[in-house]
Amino acid sequence: MRLEFSEADERFRKEIAGWLENNLTGEFEQLKFRGGPGDEHMFPAERQAWEQKLAEGGWTCVGWPEVYGGRGCTIEQQVIFFEEYARAGAPGRVGHIGEGLAGPTIIAFGNDYHQQKYLPGILAGTELWCQGYSEPGAGSDLANVKTKARFDASAGKWLLNGQKVWTSLAHEADFCFVIARTDPDSVGHNGLGFFLVAMDQPGVDVRPIQQLTGTSEFNEVFFDDAQCDAQDIVGEPGQGWAVAMGLLGFERGVSTLGQQMQFQNELNDIVALAKENGAAEDPVIRQRIACAHADLKIMRYNAMRMLSGQDGSDGSLQKEALIYKLFWSNWHRDLGELAMDVMGPAHQVLAGKPYELTRLQSLFLFVRADTIYGGTNEIQRNIIAERGLGMPKEPRWPAK
Amino acid sequence: MDFAFSDEQEMIREAAAAFLSETSTSDAIRRAMLSEPGYDRDLWRRIATELCWPAVHIDEHCGGMGLGYVELVALQEQMGRYLLCSPFFSTVCMAVNALLLAGNRQQQAQYLNGVVQGQTMTLAFGGTAAARRGGQWGPEIVELIAQPDGDGYRLTGTQHYVVDGASAETLIVAARLPNTAGEKGISIFLVPANTAGLTRETLATMDQTRRQARVHYDNVQVAAENLLGTAGEGWSALRTTLDLAAIALAAEQVGGAQQMLGMTVAYTLEREQFNRPIASFQAVKHRAADMMTRLEVARSGVYYAACIAQEALAAGPLAGELSEAASIAKSTASEAFLLNSADALQLHGGVGFTWEYDVHLYFKRAKAGEHLLGSPVWHRERLANLLLDHEQAATS
Numbered sequence: 001m002r003l004e005f006s007e008a009d010e011r012f013r014k015e016i017a018g019w020l021e022n023n024l025t026g027e028f029e030q031l032k033f034r035g036g037p038g039d040e041h042m043f044p045a046e047r048q049a050w051e052q053k054l055a056e057g058g059w060t061c062v063g064w065p066e067v068y069g070g071r072g073c074t075i076e077q078q079v080i081f082f083e084e085y086a087r088a089g090a091p092g093r094v095g096h097i098g099e100g101l102a103g104p105t106i107i108a109f110g111n112d113y114h115q116q117k118y119l120p121g122i123l124a125g126t127e128l129w130c131q132g133y134s135e136p137g138a139g140s141d142l143a144n145v146k147t148k149a150r151f152d153a154s155a156g157k158w159l160l161n162g163q164k165v166w167t168s169l170a171h172e173a174d175f176c177f178v179i180a181r182t183d184p185d186s187v188g189h190n191g192l193g194f195f196l197v198a199m200d201q202p203g204v205d206v207r208p209i210q211q212l213t214g215t216s217e218f219n220e221v222f223f224d225d226a227q228c229d230a231q232d233i234v235g236e237p238g239q240g241w242a243v244a245m246g247l248l249g250f251e252r253g254v255s256t257l258g259q260q261m262q263f264q265n266e267l268n269d270i271v272a273l274a275k276e277n278g279a280a281e282d283p284v285i286r287q288r289i290a291c292a293h294a295d296l297k298i299m300r301y302n303a304m305r306m307l308s309g310q311d312g313s314d315g316s317l318q319k320e321a322l323i324y325k326l327f328w329s330n331w332h333r334d335l336g337e338l339a340m341d342v343m344g345p346a347h348q349v350l351a352g353k354p355y356e357l358t359r360l361q362s363l364f365l366f367v368r369a370d371t372i373y374g375g376t377n378e379i380q381r382n383i384i385a386e387r388g389l390g391m392p393k394e395p396r397w398p399a400k
Numbered sequence: 401m402d403f404a405f406s407d408e409q410e411m412i413r414e415a416a417a418a419f420l421s422e423t424s425t426s427d428a429i430r431r432a433m434l435s436e437p438g439y440d441r442d443l444w445r446r447i448a449t450e451l452c453w454p455a456v457h458i459d460e461h462c463g464g465m466g467l468g469y470v471e472l473v474a475l476q477e478q479m480g481r482y483l484l485c486s487p488f489f490s491t492v493c494m495a496v497n498a499l500l501l502a503g504n505r506q507q508q509a510q511y512l513n514g515v516v517q518g519q520t521m522t523l524a525f526g527g528t529a530a531a532r533r534g535g536q537w538g539p540e541i542v543e544l545i546a547q548p549d550g551d552g553y554r555l556t557g558t559q560h561y562v563v564d565g566a567s568a569e570t571l572i573v574a575a576r577l578p579n580t581a582g583e584k585g586i587s588i589f590l591v592p593a594n595t596a597g598l599t600r601e602t603l604a605t606m607d608q609t610r611r612q613a614r615v616h617y618d619n620v621q622v623a624a625e626n627l628l629g630t631a632g633e634g635w636s637a638l639r640t641t642l643d644l645a646a647i648a649l650a651a652e653q654v655g656g657a658q659q660m661l662g663m664t665v666a667y668t669l670e671r672e673q674f675n676r677p678i679a680s681f682q683a684v685k686h687r688a689a690d691m692m693t694r695l696e697v698a699r700s701g702v703y704y705a706a707c708i709a710q711e712a713l714a715a716g717p718l719a720g721e722l723s724e725a726a727s728i729a730k731s732t733a734s735e736a737f738l739l740n741s742a743d744a745l746q747l748h749g750g751v752g753f754t755w756e757y758d759v760h761l762y763f764k765r766a767k768a769g770e771h772l773l774g775s776p777v778w779h780r781e782r783l784a785n786l787l788l789d790h791e792q793a794a795t796s
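In the order they appear, the protein sequences are chains C and R. In terms of the working numbering, the first sequence opens at residue 1 and continues consecutively. In terms of the working numbering, the second sequence opens at residue 401 and continues consecutively.
A few of these clues could be false.
Said to hold, decoys possible - Away from chain R, derived, C-beta distances all over 10 Å, residues of chain C:
1. Q115
2. S140
3. N161
4. D229
5. Q239
6. S308
7. E378
Stated by the list, open to error - Within a straight-line C-alpha distance of at most 20 Å, the following computed SDA-like cross-link-like pairs (lysine to any residue) qualify:
8. C:K393 - R:F674
9. C:K148 - C:A108
10. C:K14 - R:M401
11. C:K275 - C:Q259
12. C:K393 - C:N382
13. C:K393 - R:M401
No lab work stands behind these hints: they were computed from the structure. All C-beta atoms in this analysis are idealised placements derived from N, C-alpha and C, irrespective of residue type, glycine included.
Take these sequences, add in the hints, and give me the full structure.
Here it is in structure tokens:
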């Protein structure tokens, strides 16, 4: 075990910190600490301009291999990148779904055509992506998707019909990766395809969902004969589940350390407030702040273990990776409650009419999504028990 | 940055697990906990002379193996997992650290060579303040008076909750000079257990796997050469010793939390109700998932603290993080062990409530360890103090 970074890594840290200091200025100054969860709807155009600024500096897709246009950073350097990015208060990345999910999937499972067509736009920050997984009838039971993809041989195109839901950034995105049923008679994991679909076409309709925050980060996406070129399927028809599951593997990883720096910024705000309004003298609040601090530190150590270790040879996740989502989402939820309790009755007063939330109010409300999306806490516990502990699946009801 | 055990550390861990699974069995634990010293002397001799565990982080020039705190933590974790009854914790994780931090070369050479050969020691420091307000572990806990007497000192008073205090061959005793309070005036002494005026009584304790004693000092004479460090300036070394001990205890608790999870999963896979293994019920699985989450979270905190402990012993650049890392590790691991043992008891159903099954041994060890060296509440208040009561808050 070795905690320190190498000299080369520390030089890398200086390089990215220096670049951010010199470039997160002027028109981008207003974006500092903005655009994170609960604030993703803010400054979309300005944040895309920032994404392109990053690209100019070679700071998008730092973990991608160089052969695909990435920076080829080591795990340590990616850790450093995300830490410094968050430390500088640089804004939430509008390109994160392309960089973190679509791109790695296309690199791992796509062919030359996919890679040449889609990777450059992600690298340059010019093309944004969204994820078309969940449906009204396919939440925790993701394999229950009903959206259908039918190949129209005369037009040489796939035609998609169905509905996706909880689609972040759909209203900003240029493309969506969609799992849809290529075999209309199939059920479950079989008979699915993984499609790359352009959003700007008549067959795609995006409707924002107003959330309990009053804002709309999430959307419904309706496909009504939405078209997709014959080549824009990743993997074979019927094999989409394997691609989709491979992608979920990319959802954990180094970017979690950047998320932690953002958490640290939030905790720092709460600590400062507690000191200012005297809540820091209350013994119960003190315990809760100390607990939040300790658990955030541990989240970092856990991520360090996750990044240092090896997954099982059968592709199984390490134990520290299996527990990660459950742990951070519960932590973040509790932080939201702590924020309100530190504020006391003042937590009720909005920043403005009709329903403008302060940053901490937004935190308190938005974190209730953390324990639901990306696998609910209940599903996470099933995964931990089944994959981590080898406990049996609950018997299913017979198919209807 | 590499936050994983090296191959050599893995080997140490696996060898320890293999040895303990055969020697620290349920029968062996039950015999040891009813024996006079509270541990099996023959087994301890083997551990010291064949496996050389007490030598793990002692310098080679004192007869040690010269390994680090990460290796010590790897061993402690396994000893906790198999609930070994032994003086390892009191000797190596408490007293040896005090010697390493406060002793001079001659004291170290003499006593550390003894430890390597299996001699036992402990650290005695707590007065009645230990139990005040639910447990206090700061400098106020040191109440025993060290009255200067010629070149030496005379110790008078009583110390409580001394781990293995009745069986240890040598006590490292923290006392304070007359008319001092707080961090000032604390002095650390080497006191052979057979010194005149020293009497010790084993406490009957709920946890029978680790002994505690009350130690009475009636004008116990200590020669000047048995002073560790400088008279009146012992607090810094004592605090560091207690932090290092807390990290080692936390490692043991991670091992215990692991065993509770393992035993529970095995039992629920075997036990059938409603024609299915109870492990297939989500109500059971989700509780087990929470047990694993607590365990792995605690493990991450403890491994990090082990690295920081090594930094503290080697005066590395991160040594200043010791108290924070110790408080994070101890509060997290204590709760993980206690909650996992409580959940294990629940998920074992009726048999978990019996004397015959081992769950209660872990449950009791967990409760005892939770309060030893500072409860989670105490450690969190210490963290809160670091965070909230100073101008500069931790930011990274």
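Verification of the supplied hints:
At roughly 31 Å, the least C-beta separation between Q115 of chain C and chain R is larger than 10 Å, which holds for a residue marked as non-interface. At roughly 12 Å, the least C-beta separation between S140 of chain C and chain R is larger than 10 Å, which holds for a residue marked as non-interface. For N161 of chain C, the non-interface assignment is confirmed: its Cβ lies about 35 Å from the closest Cβ of chain R, beyond the 10 Å cut-off. With a cut of 10 Å on Cβ distances, D229 of chain C stays outside the contact zone with chain R, its closest approach being about 43 Å.
The Cβ of Q239 of chain C lies farther than 10 Å from every Cβ of chain R, with a closest approach of about 30 Å, so its non-interface assignment holds. Chain R draws S308 of chain C into its interface by the beta-carbon criterion, the shortest separation being 4 Å against a cut-off of 10 Å. Remark: the non-interface label on E378 of chain C conflicts with the geometry, its nearest Cβ contact in chain R lying 7 Å away (cut-off 10 Å). Under the criterion of a C-alpha separation no larger than 20 Å, the hint pairing K393 of chain C with F674 of chain R is consistent with the structure, at around 15 Å.
Only pairs whose Cα atoms come within 20 Å are accepted, and K148 of chain C paired with A108 of chain C is rejected, the gap being roughly 24 Å. Distance restraint check for K14 of chain C and M401 of chain R: the Cα-Cα separation of roughly 17 Å lies within the 20 Å cut-off, and the hinted pair is therefore satisfied. Taken as a hint, the K275 of chain C and Q259 of chain C pair is broken in the structure, with Cα atoms around 25 Å apart against an allowance of 20 Å. A hinted pair counts as satisfied when its Cα atoms are at most 20 Å apart, and K393 of chain C with N382 of chain C qualifies at roughly 8 Å.
Only pairs whose Cα atoms come within 20 Å are accepted, and K393 of chain C paired with M401 of chain R is rejected, the gap being roughly 38 Å.
In summary, the numbered hints that this structure violates are 6, 7, 9, 11 and 13.
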